[in-house]
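Protein chains in written order, with my numbering: chain V, 35 to 402; chain W, 35 to 402; chain G, 35 to 402; chain C, 35 to 402.
Keep in mind that the hints were calculated from the coordinates and are not lab data. Any given hint might turn out to be false.
When chains are identical, the list treats them as one kind, so a pair holds in a single copy or across two.
Quick list of in silico lysine-lysine cross-link-like pairs, DSS-like style, CA-CA up to 30 Å [as the list claims (entries may be wrong)]:
1) K356 - K306
2) K42 - K395
3) K195 - K42
4) K395 - K195
5) K307 - K195
6) K306 - K396
7) K395 - K307
8) K356 - K195
The residues making up each chain are set out below.
Number of protein chains: 4
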Amino acid sequence: MSGSHFGKNFTITTWGESHGPAIGVVIDGCPAGMALSEEDIQRDLDRRRPGHSPYTSKRGEPDAAVILSGVFDGVTTGTPLSIRINNVDRRSVDYSDVDGVYRPGHADYTYDRKYGIRDYRGGGRSSGRETACRVAGGAVARRFLTELGVSVQAYTVAVGKTSVDRSRFDQSQAMLNPFCMPDRRAYECAAAETEAAIQDGDSLGGVIECVISGARPGIGEPVFDKLSALLARAICSINAVKGFEMGAGFNAARMKGAENNDEMYYENGVVKKWTNNAGGIYGGIADGSDIVFRAAFKPTPSISVSQNTVGADGENRTLRVKGRHDPLIVPRAVVVVEAMAALVMADLTLQGCLSNISNIKKILGVAK
Amino acid sequence: MSGSHFGKNFTITTWGESHGPAIGVVIDGCPAGMALSEEDIQRDLDRRRPGHSPYTSKRGEPDAAVILSGVFDGVTTGTPLSIRINNVDRRSVDYSDVDGVYRPGHADYTYDRKYGIRDYRGGGRSSGRETACRVAGGAVARRFLTELGVSVQAYTVAVGKTSVDRSRFDQSQAMLNPFCMPDRRAYECAAAETEAAIQDGDSLGGVIECVISGARPGIGEPVFDKLSALLARAICSINAVKGFEMGAGFNAARMKGAENNDEMYYENGVVKKWTNNAGGIYGGIADGSDIVFRAAFKPTPSISVSQNTVGADGENRTLRVKGRHDPLIVPRAVVVVEAMAALVMADLTLQGCLSNISNIKKILGVAK
Amino acid sequence: MSGSHFGKNFTITTWGESHGPAIGVVIDGCPAGMALSEEDIQRDLDRRRPGHSPYTSKRGEPDAAVILSGVFDGVTTGTPLSIRINNVDRRSVDYSDVDGVYRPGHADYTYDRKYGIRDYRGGGRSSGRETACRVAGGAVARRFLTELGVSVQAYTVAVGKTSVDRSRFDQSQAMLNPFCMPDRRAYECAAAETEAAIQDGDSLGGVIECVISGARPGIGEPVFDKLSALLARAICSINAVKGFEMGAGFNAARMKGAENNDEMYYENGVVKKWTNNAGGIYGGIADGSDIVFRAAFKPTPSISVSQNTVGADGENRTLRVKGRHDPLIVPRAVVVVEAMAALVMADLTLQGCLSNISNIKKILGVAK
Amino acid sequence: MSGSHFGKNFTITTWGESHGPAIGVVIDGCPAGMALSEEDIQRDLDRRRPGHSPYTSKRGEPDAAVILSGVFDGVTTGTPLSIRINNVDRRSVDYSDVDGVYRPGHADYTYDRKYGIRDYRGGGRSSGRETACRVAGGAVARRFLTELGVSVQAYTVAVGKTSVDRSRFDQSQAMLNPFCMPDRRAYECAAAETEAAIQDGDSLGGVIECVISGARPGIGEPVFDKLSALLARAICSINAVKGFEMGAGFNAARMKGAENNDEMYYENGVVKKWTNNAGGIYGGIADGSDIVFRAAFKPTPSISVSQNTVGADGENRTLRVKGRHDPLIVPRAVVVVEAMAALVMADLTLQGCLSNISNIKKILGVAK
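Make a model of the complete structure from these sequences and hints.
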């Protein structure tokens, strides 16, 4: 594969360019017998959609998901699910001026060096638009996880220099503001910071946190396929992500062992912990508590500030990027982070079913 | 696979438990025609070996690598390389007291929940000893990369609360102190902090930085197999790693676009940049500049401080971990980080050769 | 993956049911820089299309291929190629009577046992219609191989009890009759045999032979990924194939070593052979001569003869299959065999480029 | 991977050359909790061992299997099983004369063209000795299948021009003669044919049939990972195999549909069939009846008859192969065929557990 295939047992393959006729995803390995509708997918796609807040791109894409295969009478059949999303609002003319110029912070130069050819319209395959397919695939994974009592929820904990205050953390707030921040005051501050950046033609980054709840102990494979490792890959494969951390993350490096270790105790026969510095993962395997990780997003590279750059013709250039860009991509990325986390969890949940011969016998109805 | 296989074209499969008779690695996909000796591997293994500093475990393992296949007359033949490392200094009796008790911060509980059975001697498969096999595989990858002019070098930038001062950064220093810190004063401070932790029976974590130089532009596949994504997975699969970041990393989230974007210019016809906030990767593909990333390691969970924990028997317990443990694992992990980075680079370098049909024709001798 | 993904570096993922809105294929790993048009794909699809001979299904599908991504200005970009084929002539009502009855020789019973649910319209995913996607993918692989001077050509060597007479073998004839038989008299005899079967409401099988010419020596990986092994898998994954053989095949088992071994000699410095009993493959690796294999197809299971079978309701039944079926599937399968062979060759050709470090250095421009 | 890795969830990786210090296999993905001893593996290895019949190589290898990891207190732990087999009776001097000469029917020429270097001692990696590792891996797969009530049994149905008479078929006979033929008279005839070949310094081939019993309906994935397709690949990856067929195989191509279709009926509520022309597989998925296939083996290419061939030096040569070779490899290959079949079945059995969401809920204890 050349990078557009993801997963081992629960898999997705995505395709499509920003300004081609459509983009899409094929999901193979979703178990049969699960109720699934286009609404299940549309719900998540709508959360990623551009054009519905002053802080996002004005590109007006309905992002309507169409299921072309794999569902019969509203139920998955075990065969591949093909989902197509048409590109409706393409204005390729906006990009004609960047044909021969490499935008700073973008993949223009590296694609040209790798392939010798590049669809320069809207970033082509390297466009953030590609993440819509991840969201569609992730929505199917979420449907599967919901059947098993597992939930995946992300929110914004920092925008630019503004961070959420943990003492004011209120999950319900995240649904009430366009930045998905679980702290109203932090949101207001972040909104002001973003407005200022927009005035300058500049952009901001931020940090997203994600919590996976309800997973059974034992999810994750040892050594190279640790749950932490596969989440890291999944999240760092999202455009603009520059960092990933689990639980206490980079702070853990500054703690002592006695402080960082999560001490355990029994409560009504169930193992509990006083802290969750590990983010719910030990030796790469989930222990049944909340799985917690964070992703750092760089500021959107497309800005209207004038920048030095180079042309494909060997000349130095200056460039102000035109087009319809998000000054702050983070809020739209929240559901993308959830999607990638859900895909990893679905895949490793299937894999985890195979770890013990008593599981296999249970399925096959063999007496112990 | 259940997690012990890594890579697509340049692959490794590792096996072995901490207190079994041996551990080992099979490398499949290393191209034929490359000079390779046991010394090439031993050199890296010696850097990871325990027992040669006051800050590491006293377990006296020679970690002698034996190549059992894949080399003929000192040259690789293209067939799998099997490398075995015997376990010499096993004292399994040290672990008999943790048989039924779950050590905090370890994988004891999660392995038991996943598999229903666990080799409790020295952590079994979840032991840091497993990383010796990664180092052996990584040494072969490094040999391959060296042939192509690519180098991989890591060093310690933080131990506990002590960080390297970038203004005193001196790469040569990293070879001269047992912590591999490129700043002598930081090392001295870190050594004092470590001594204090040892006195308390406690442990420290830290941060390792790694630089890959000499890679051609175009390495890395788009979307899910981005160089950044595969490095993140590789690094986060190392025991004790809790965070990963590329270039400016988490700091990038606090910058504005105009500050974070790496502006480009031509110098003697070559593309250069004023900054490297991206860490050498755009859209998941290397641009030919230095690739830079960091990994956060938590403090060693095995400490002699008394901790609350639970037994497999349903009872609450307190535990002081005995045995021969490293109060600071970071220095020994430096070569493990290099190994994983080298394996990713070797794999994606092979993959990258297939990206353009003109490459294929060059190899096959087909006229354009 | 659950079976709809094929290949390692040059890969396809297919999706779609016989009576859904569309079917399709995503090709990932096709190198950039290759001219590709919808006509390249349509040409092969037209050879598989139903409805254009008295011996095939009357289903009138135009099978028009639409490329949705991966091509820019008529050239591949290295990103995934998504190809869609709409299902136009669906008459699902034809299948309503087989909803609860398991057709003999079909996958109805096994799908129900595996998934507990089944799209019974036209066989759903188990329909031969799925092979159109293989042909589309194979056409792209063929385009790639043509660039490298490799051709893949199949033809029919037996229909029912009629076999081609090797002494009358005439490749050009295969283009001139609807059975693709390279022997005119054999075709006439086979046509008569088929007419008789049609009169009885019965069906016939046959044997297809395929020759791959122009491949360089060295294609194929040792041990499990032998060229012969991957061809066997590819061909035996086609519906209705019950046997596969290379070169002398089952006849080789009856020969002595001195008779079966292909003796070699030099002619103008080039290695030649007196025979090709091995079918061009030794130790799983092509030697540069023609690669030759054959596939046995069972007769179409859908027949209008009354047969004993069972219902999902636990009752014994008799069934005459209605609908629009091919009394002889073999001629339409010729291009499917070519497609699968081309896909294997494209994938192993890419892989083969990585076998020797001198190849890698050639691509990367590293001096020896 | 470069061909030495096999399987998706139940996987093996093999390594080693004929005349290196050892060969071995790493099995990853075998579920935890299964009793396993070295005797389980030795039993199968002994059936493949050379040197114990007048018809096999005189190389005296004990082929003693040593388990180095993955088993604790006699039970699998879910971590990789590493099995090593030492090469004891190496006489590399026997091969010094074939260093620069390409043996007809062998992989000498193709390996040289692929890799540019070759371990010529005993065929190196292309030696039949490599199959010992498959047998060791297959023995673990068999252990797993036995737990689930599945058996895999092969026997010889043809040697040279002598075939078993189905009317005299007696499975118990296969254990009583060195050719594993289930027909005593056929064995006697085959033995005489083999003696005659030995007198001439020549060799024979043959056909092996394999029956897999007790598999549940539903094993096998649609489209590319059909049980038939993966068996075909597995079997055709064995050295010397030139053909593979399922059920009626090549004969099915000569039947009419009404004759070839397996009609079904209920007997005490269980689905039965009058025939098994499909070999137990429909649409690539097992129906619960016996799975039956056959493999054609070419005669051993190493013969003492003088043959024309070429040297690496560009000169024509004649060659009589010395060394210790099997005039008839088929009997030793019986257990290799079983091993590969067992590996495919183990892998697809695991995969099959994931096909339906009700299976997953059963394992995870989620209420429907």
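Tell me the hint numbers this structure goes against, listed in increasing order.
When the structure is compared with the hints, numbers 3, 4 turn out to be violated.
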